[in-house]
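*Asks:* Start from the sequences and build out the full structure, keeping to the hints where you can.
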Amino acid sequence: MTPSAQSSPSLPRRRFLTNSLALAASALAPLPLRALEVPTDFAFLRLVDAVELPGLLFMRVDGIEADPAGFKQGFATEGIALAPKTYQVELEHETLGKEKLTVTLETGRISTIVAYKTEKPPEEPKVAKAAAKAEPKKDGPRLVWHLDESPASIARSKDVSVTIVQLTANDVMEFQVAGTPATARAGEPVRVPITRSMGTFPTINHQGKEVCVLNFDVRADKFVVFFTGTDGSLKFAQLRNDVQ
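Numbered by mature numbering (1 follows the signal peptide of the UniProt record, and there is no 0), the letters in the sequence shown go through residues -35 to -1, 1 to 209 in order.
Read the hints as simulated data drawn from the structure, not as lab findings.
These numbers come from a predicted model, not from an experiment.
Warning: the hint list may mix true and false statements.
Cβ pair distances, simulated, as ranges [what the hints assert, rightly or not]:
1) L112 to K174: 24 to 32 Å
2) D124 to R150: 22 to 30 Å
3) K174 to K50: 37 to 45 Å
4) T148 to E175: 16 to 24 Å
5) D182 to L18: 27 to 35 Å
6) G20 to K65: 15 to 23 Å
7) G197 to P87: 22 to 30 Å
8) D136 to E59: 27 to 35 Å
9) T148 to E55: 31 to 39 Å
10) D182 to T145: 17 to 25 Å
11) E30 to T160: 40 to 48 Å
12) G105 to S162: 41 to 49 Å
Okay, derived cross-link-like pairs now, DSS-like style, lysine-lysine, Cα gap no bigger than 30 Å in a straight line [claimed, not checked]:
13) K50 to K65
14) K82 to K37
15) K174 to K85
16) K82 to K174
17) K85 to K65
18) K82 to K65
19) K63 to K82
20) K65 to K37
21) K50 to K82
Using N, Cα and C, we set each Cβ at its ideal position, and we do this for glycine too.
*Replies:* Here it is as structure tokens:
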């Protein structure tokens, strides 16, 4: 896999889930463009499309489309403000099909769903089903997700960090954050404190090459996802945890 840095696309359109359908669903609430203090009565949901294969990704929360236009690979939404409760989320990828998950949102916290592709077969259930009711195994690539849950960071915080998660086919990847080693096992987040001495734009390196430039112009925690692009190169999505 050849590393090549790619920043996550911006969000040019307003969130359909929180704006167009806010009146139709009492659980939904509008989100300020920028929050210097974490609201006490909202929870937040984000989506990252890290699916290696071509095709758009769609997300529905309790049956409501997050955006009817769908999301392209590498796209990372901003925080969607929702009431703190349990939601049924459906992910649908044009190539890989549909998957469902349950997400419980908590006040003042950000839940980030990262959709990606895996070739690994699903885990066997602990209790075997009767042969007549057994579901056929799905061979080949599948749509799966990683769920990260982090506290919403207060912007301009003194103590900040970056959390890295890699969702590639590699079991382990070795990174350096401004020279600080960070071992990232597949699907296991690793947190690295960012000190003032690292500067405003510390870099993340892999195999001696720069693969990501972090931006701490606003001092707030970061969440960075590394994944494989459709061209086989290493891509990333970088998100701020201050609920933009």
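*Asks:* Compare the structure with each hint and give your call.
*Replies:* Evaluated hints:
1. Our hint of 24 to 32 Å for L112 and K174 holds, since their Cβ atoms are close to 29 Å apart.
2. In this structure the supplied range 22 to 30 Å holds for D124 paired with R150, their Cβ-Cβ distance being about 25 Å.
3. A beta carbon spacing of about 44 Å between K174 and K50 agrees with the range 37 to 45 Å that was offered as a hint.
4. The hinted window of 16 to 24 Å between T148 and E175 holds, with their beta carbons roughly 18 Å apart.
5. At about 34 Å, the beta-carbon gap between D182 and L18 stays in the expected band of 27 to 35 Å.
6. For the pair G20 and K65, the beta carbons lie near 18 Å from each other, so the given range of 15 to 23 Å is met.
7. Restraint check, G197 to P87: a C-beta distance of roughly 25 Å satisfies the suggested window 22 to 30 Å.
8. For D136 paired with E59, a C-beta distance near 28 Å keeps the hint of 27 to 35 Å intact.
9. Judged by the Cβ atoms, the range 31 to 39 Å given for T148 and E55 holds: they are separated by roughly 34 Å.
10. Taken as a hint, the range 17 to 25 Å holds for the pair D182 and T145, whose Cβ atoms sit roughly 20 Å apart.
11. For E30 paired with T160, a C-beta distance near 42 Å keeps the hint of 40 to 48 Å intact.
12. Between G105 and S162 the beta carbons are some 47 Å apart, a value that agrees with the proposed interval 41 to 49 Å.
13. A C-alpha spacing of about 17 Å is found between K50 and K65, which places the hinted pair at or below 30 Å, so the restraint holds.
14. Taking the CA atoms of K82 and K37, the gap is near 14 Å; set against the 30 Å cutoff, the hint holds.
15. Between the alpha carbons of K174 and K85 the distance comes to roughly 28 Å, so the proposed pair stays at or under 30 Å and holds.
16. Between K82 and K174 the alpha-carbon distance is near 25 Å, which keeps this suggested pair within the 30 Å criterion.
17. Distance restraint check for K85 and K65: the Cα-Cα separation of roughly 18 Å lies within the 30 Å cut-off, and the hinted pair is therefore satisfied.
18. The straight-line distance between the Cα atoms of K82 and K65 is roughly 15 Å, inside the 30 Å bound, and the hint therefore holds.
19. Proposed proximity of K63 and K82 is supported: the alpha carbons are some 12 Å apart, at most 30 Å.
20. Of the pairs offered as hints, the one joining K65 and K37 holds, with about 19 Å between alpha carbons and a cut-off of 30 Å not exceeded.
21. Of the supplied pair hints, the one linking K50 and K82 holds, its CA atoms being roughly 28 Å apart against a limit of 30 Å.
In summary, the structure agrees with every hint in the numbered list given earlier.
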